[in-house]
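Trainee: This is what each chain is made of:
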Amino acid sequence: MGFEFHTTSLRSAVNWARKWSLFQYPFVTACCGMEFMSVAASKYDIARFGAEFPRFSPRQADLLFIVGTITERQGPALRRIYDQMCEPKWVVAFGVCASTGGFYQNYATMPGADQVVPVDVYIPGCPPRPEQVLDALMLLQDRIQKGEGHSQITIDAERGYDVPIAAIRPKQLGPGAAAKKEG
Amino acid sequence: MTATMTSDYLSALLMILAGVGFALALTAAAKYLGPSRPSAAKDYPYECGSEVIGSPRARFEVKFYQVAIVFLVFDIETAFLYPWALKYRELSCAGTVANGVCSGGISFFGIGEILVFMLVLIVALAYVWRKRAVGWE
Chain A
1 MGFEFHTTSL RSAVNWARKW SLFQYPFVTA CCGMEFMSVA ASKYDIARFG
51 AEFPRFSPRQ ADLLFIVGTI TERQGPALRR IYDQMCEPKW VVAFGVCAST
101 GGFYQNYATM PGADQVVPVD VYIPGCPPRP EQVLDALMLL QDRIQKGEGH
151 SQITIDAERG YDVPIAAIRP KQLGPGAAAK KEG
Chain B
184 MTATMTSDYL SALLMILAGV GFALALTAAA KYLGPSRPSA AKDYPYECGS
234 EVIGSPRARF EVKFYQVAIV FLVFDIETAF LYPWALKYRE LSCAGTVANG
284 VCSGGISFFG IGEILVFMLV LIVALAYVWR KRAVGWE
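In order, the protein sequences belong to chains A and B.
Its first residue numbered 1, the first sequence is counted upward by one per residue in my numbering.
Its first residue numbered 184, the second sequence is counted upward by one per residue in my numbering.
A hint or two may mislead.
Simulated restraints, written as ranges between beta carbons of each label pair [said to hold, decoys possible]:
| no. | chain 1 | residue 1 | chain 2 | residue 2 | range |
| --- | --- | --- | --- | --- | --- |
| 1 | B | S222 | A | F56 | 46 to 54 Å |
| 2 | B | M198 | A | R55 | 54 to 62 Å |
| 3 | B | G204 | A | K43 | 34 to 42 Å |
| 4 | A | L10 | B | S222 | 23 to 31 Å |
| 5 | A | G50 | B | Y215 | 20 to 28 Å |
The calculated lysine-lysine pairs, modelled on DSS-like cross-linking and capped at a C-alpha distance of 30 Å, are [claimed, not checked]:
| no. | chain 1 | residue 1 | chain 2 | residue 2 |
| --- | --- | --- | --- | --- |
| 6 | B | K314 | B | K270 |
| 7 | B | K246 | A | K146 |
| 8 | A | K146 | B | K314 |
| 9 | B | K225 | B | K214 |
Hints are computed from structural coordinates only; laboratory data are not their basis.
Positions of the beta carbon are idealized from the N, C-alpha and C atoms, including for glycine.
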């Protein structure tokens with residue numbers, strides 16, 4: 001026979017389609033934007049991973065790239081944009097500032113974007129090299145395929161599906177959130 | 184003849200069916216395979232995450248309507264000039280044109296035609312000018 005058959009479960013097939021068709025919303029606030037442009041441009045070519053299409057409306061995006069420092073004032077805006085995105089959705093903290101606040105130690109800078117939105121993958125670096133970004137994207141694709149994204153877990157739990165136990169982490173909304181939930 | 188035409192249009196029909204079918208299939212897949220979780224935030228207008236200020240139904244002056252109409256007239260004029268310019272060589276030839284060489288004498292049909300067309304538009308321009316529709320006071 002000239003045909004080859006590939007059997008899979010529907011969820012696995014859907015997740016496969018999701019991981020290769022990420023529409024990003026670049027929330028660019030700082031100098032990491034330069035590296036983001038570099039990743040998007042032809043030399044590093046994020047299109048190879050199916051994520052070449054930046055959408056500047058959260059309605060059309062399912063991957064939130066938080067590129068740069070998030071201040072306390074920007075927090076609510078970031079949260080609203082995350083809330084407005086289609087589901088399932090994923091978040092990548094691009095660079096140390098988005099991940100932890102970076103070298104800023106003051107009252108204005110948020111110590112990591114995960115204070116307001118659940119982050120799936122953190123990229124260190126100030127700014128990160130394009131290779132690191134692509135590595136993070138591949139990590140995210142692995143998580144999407146396994147159904148381990150925060151948004152995927154929420155939806156699966158709502159539908160009563162089995163949620164991968166390894167994917168449930170206490171730290172979903174910043175360091176304080178888990179303690180608040182338990183208490 | 185009929186058979187050739189049928190097969191010509193058949194490929195176009197298949198193309199249309201494939202295009203429409205693909206779009207419908209993707210829309211259906213998104214509807215039935217994707218989760219639907221409506222929320223107040225998703226219904227809120229998108230303003231880069233900020234609060235919305237003012238109404239989206241802002242009023243603007245009726246002058247813009249005039250400008251739009253006058254613009255349309257000259258826009259269409261430009262749109263007509265391009266195909267005319269492409270055909271100008273043939274229109275200026277009394278005979279037939281082969282490999283860019285005219286076999287007959289000179290014809291003034293092409294230039295005359297466009298001059299009449301321009302004249303009509305110039306009359307229109309003179310009219311709107313006199314009616315002060317091109318001013319902005």
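Trainee: Which numbered hints does this structure break?
Mentor: Structure breaks hints 1, 2, 6, 7 and 8.
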